[in-house]
Amino acid sequence: MNNVRYKKRANKSLPFFFRTEFKVFFIIILVSTILLISTFSFDTVPPILNRGIQPATFPKGLLVLIIALTSIIYYLSFKKPWKKEKNLPKPFFFTILSFFIFIIISKTLDFFLAISVLSVFVSYHWGERRTFYLLLVSIIFPLIVFIFFEMILGLRFPPGIITNLYYY
Amino acid sequence: MMAPLFSSKLLLVLLFGTLFGLVLGVLPGLGPTTGGALILPFTMTLDPLSAIVLLTSIYCAGTYGGAITAVLINTPGTPAAAATCLDGYPLAQKGEAGRALGMATVSSTVGGIFSVVVLVFFAPILANLAYEFGQPEYFALAIFGLTMLASIGDGSPIKNLIAGAFGILISTVGKDFMTSIDRFTYGINELSVGIGFIPVVVGLFAISEMLTQSTLLKQVFKRVALKAIKLPSKEDYKKTWKTILRSSGIGSFIGVLPAEGGTVASLIGYSEAKRFSKNPEEFGKGSVEGIAGAEAANNAATGGAMVPTLALGIPGSATTAVILTGLIIHGVRPGPDLFKEQPEFLYGIFGAMLVANILFFIFGFFGAKIFARITLVPNKILWPMIFAVSVCGTYSLSQSIIDVWIMLFFGVLGFFMRRYGFSVVPVIIGLILGELVEGTLRQSIVIFDGNWLMFLTRPIALTFFILSLIALAFPLIRSKKNKKPYD
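Respectively, the protein sequence lines represent chains A and B.
Start counting the first sequence at 13; every next residue gets the next number (our numbering).
Start counting the second sequence at 421; every next residue gets the next number (our numbering).
No lab work stands behind these hints, which were simulated from the structure alone.
Note that CB positions come from ideal geometry on N, CA and C, so glycine has one too.
Be aware that a few hints might be false.
[Said to hold, decoys possible] Straight-line C-alpha distance at most 20 Å; calculated SDA-like pairs for lysine to any residue:
1. A:K35 / B:R839
2. A:K92 / B:R839
3. B:K638 / A:H137
4. B:K638 / A:Y136
5. A:K96 / B:L636
6. B:K429 / A:I164
7. B:K595 / A:S50
8. A:K102 / B:L636
9. B:K595 / A:G64
10. A:K72 / B:D602
11. A:K92 / B:P895
12. A:K98 / B:K638
[Unchecked claim] Computed Cβ-Cβ distance ranges for the label pairs, DEER-style:
13. A:F29 / B:Q819: 42 to 50 Å
14. A:F28 / B:T883: 38 to 46 Å
15. B:I822 / A:F160: 18 to 26 Å
Bound-form chain B, shown alone:
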């Protein structure tokens, strides 16, 4: 598994990715998704394996990095670290920032490594199952992936569905891939090749975040001083080992579900840690179990989310949507054939994720104090620099100024979407899955000779449709249970 990594170039990429991921994770508003989107154009200079190793190491380290800011300034560096704030910051306020970060580092590492094991075992099984899939099954699976956004995704279920449908709509811009007929091009030549992933991804994540930061300039962070990270004591280990293992399992499972990721995993991991705890009253006041529950779960979601991404080509989270974009632009088509034809490529990714988890443990343990200082870089200097990188990165891909304008358009759109409760993640997932959804639908209709009801004669497709209905009904049932309006 590790053999492909024994090259100085890949190790260098892995080191850089882990360090860069930590920096991104620490900076509120950036995180592995935005960071991955920013670095995506630069990966074009790398071979496919190095590019994906870079993105996955950013993913692993960035997810952990969010905990440093969550503990020290009570602001999650990444959304997945939101639950870590609940107990991390109160513990830091008691003068135990080192203990809080030590627990976060250990549980993140265990969760991350656990999820890589899940990835190694389950991705090939899922890929083998996918051999049974024909066009109708892939269509049903893609629909299931999109409806999952509605059930437990970030934000309102219907708004998420609208955003997902919008993402698919963007994928229809350009020449129709079956008939070469122009759609939504309005005579603009540049649009006939379609709207690229990178301008949309960078716009929706980086530029919209820049606009969000422009509204938060008066925000003042109270920073807790950190002397050094402490490894958890024997007592802490005794108290938390079950929580860490449970959250690792929960995180990996949530990660495997299409379209879900670390944010949901950490919230469920945290609430389950509280439910099973002997001292639930300590939660919210600086409980190490709370930190362990949230951190093990969000890092465990990283490997879990890579399972559907690699085995089926359905992203398991926002960051894996960016990684999937990376795979596509490098000409690697995820799915069962990838497991059969390029096993060394996959083992390289698995190995890289394993090493990245160990590396962020080392860097986090010895360098958290330095990484914490990165939060002192003022936004008024940081974001103009990020803008310069975003513009050049987006331009570099097809050397088209139109791409830069598309990026700016999606940046403004993304800002207003977030402001009014529409998550931008479904747009990306819809954009990625768009071609799959339309292609498999149209080919299925050809196979079925125009008879739509034939979908129901395919057991696997039918199962996915039923799961999709459950995914759609879930928020309704949940809102009835909580006696709150559906949306």
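Pulled out of the complex, with its shape left as it was, chain A reads as follows:
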């Protein structure tokens, strides 16, 4: 009975490379292998100065352990396939997009402008349509946060088109 349920959950009709287990396994192994290769380029300590193990040995051991454990979970997933997750909804992708927008604006224009844009973007795409609340999350609250950090905690924010108006 359980096995039938697991098969249903895992959507076994999909080719193996479309299954979640394989995707997760593949990504972890790929990243770990790249990192493992990069450990071979770490500088080494001359034997006379070396106390214990080389700086690369410990990370290498960890990466090998991660690769081995990931292989085990992939092998075990044949016996007990993973539950199929629901597709991610649109607001999730908008939120991820807002992170990219945040990074671009904070790097090129202004840190606080980036927070305001992200806040209004997320709030709007999560379903908020009332102007007052959009203004609250995009202008009023970031302003309070700015005043709190700048005046009470004495923090200096990175320069930008809006922050410069305050600083200069």
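Based on these hints, arrange chain B on the given structure of chain A.
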């Protein structure tokens, strides 16, 4: 014990921490771990004692706060309150929300105070034992702490181990502390100092939760109305006092185990309450014993979890991992020396936890109705605000925009980890223990002149290694017993 608390500043911090903890506990998705991570950067403006008092009061009150949401909307405010839903909500549906919350409040307070007593007595004993520890013993202890994640931690055992190993790997980024050789820096100067705790903690808890909330926008909560909290009746006390005491003991014990916390404690407390109950058939239908069993246990885990955190520097739960981060960034190194050199600091923490338990009883009793209304704040307004605080808090620590990007990266990573069954808690614990694991391993190898087998000649280290093997084997035995595949 209370003397360090008799300052207006500390009392104010304690009041704020308790109120803030209650708010965090009530809001599903936040809780004391995420809340602690969010407030961590702000603690840099406080002295170490005030900072840790703030974090511990958030921990105590936040753990209790989860019960309010569990009872009224059948959604645990914190994972530790999951077992409270089982009987709290059915009792509330019968029109007895006040009685359910009254029982939750009393048992949480008793459990919390019981665990502070355990903390006061056992932490110094454990710290004294730790004087016997050398580098090999600390290495074995850290390994034991990490393997405990596999045995009874949240999620799949092997996935937890992978997450723990990943956490340790993050700690190796930057200059090697013994040789100053760059590791995983790829020419980025900012990475040579390593990856900070705060961007990782805030990313894995707050930002990943924001992404999780973005997938739950259509979720509708059915809220039960609350008139007022009622203190349990004499009959209720008669029925539950044994359960409360038993769960307090269970919770404190589970809390002391490295890497475990309130979630496991409440589930075991609940199942033991059912096992010992004269009316087990009432469980799941609104049993006050069920509420008492779960709530006493999860709050008792708070003090228990502080025992290994303070005595050994090994976090007893996810939130104590954040508290440990707080201790480290404030330059306080937990361990036996802390007990010898700064006893007033520790007594301040013990006293603060005791007072926080009393305060959340008062606030919970008189203000539960108001706190329950906080759940009405829509996520579409709340989470953009949390994002603004997260970004500024993370930036404030070293005034580096790279830290903000690291936070976002770990937020996205944390979301996908949780989605595919990898708990994020082991990453934090691995990150915290990483330096200890690597440092003690390398120093032990120097002591042993490269002979790894010498570890087996140290009785305490050997004991921890055997315990680690048991911790690793436990899920295997359990799965065989339940006739389910291991992972």
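Find the hints from earlier in the document that the structure breaks and name them by number, from lowest to highest.
Failing hints: none at all.
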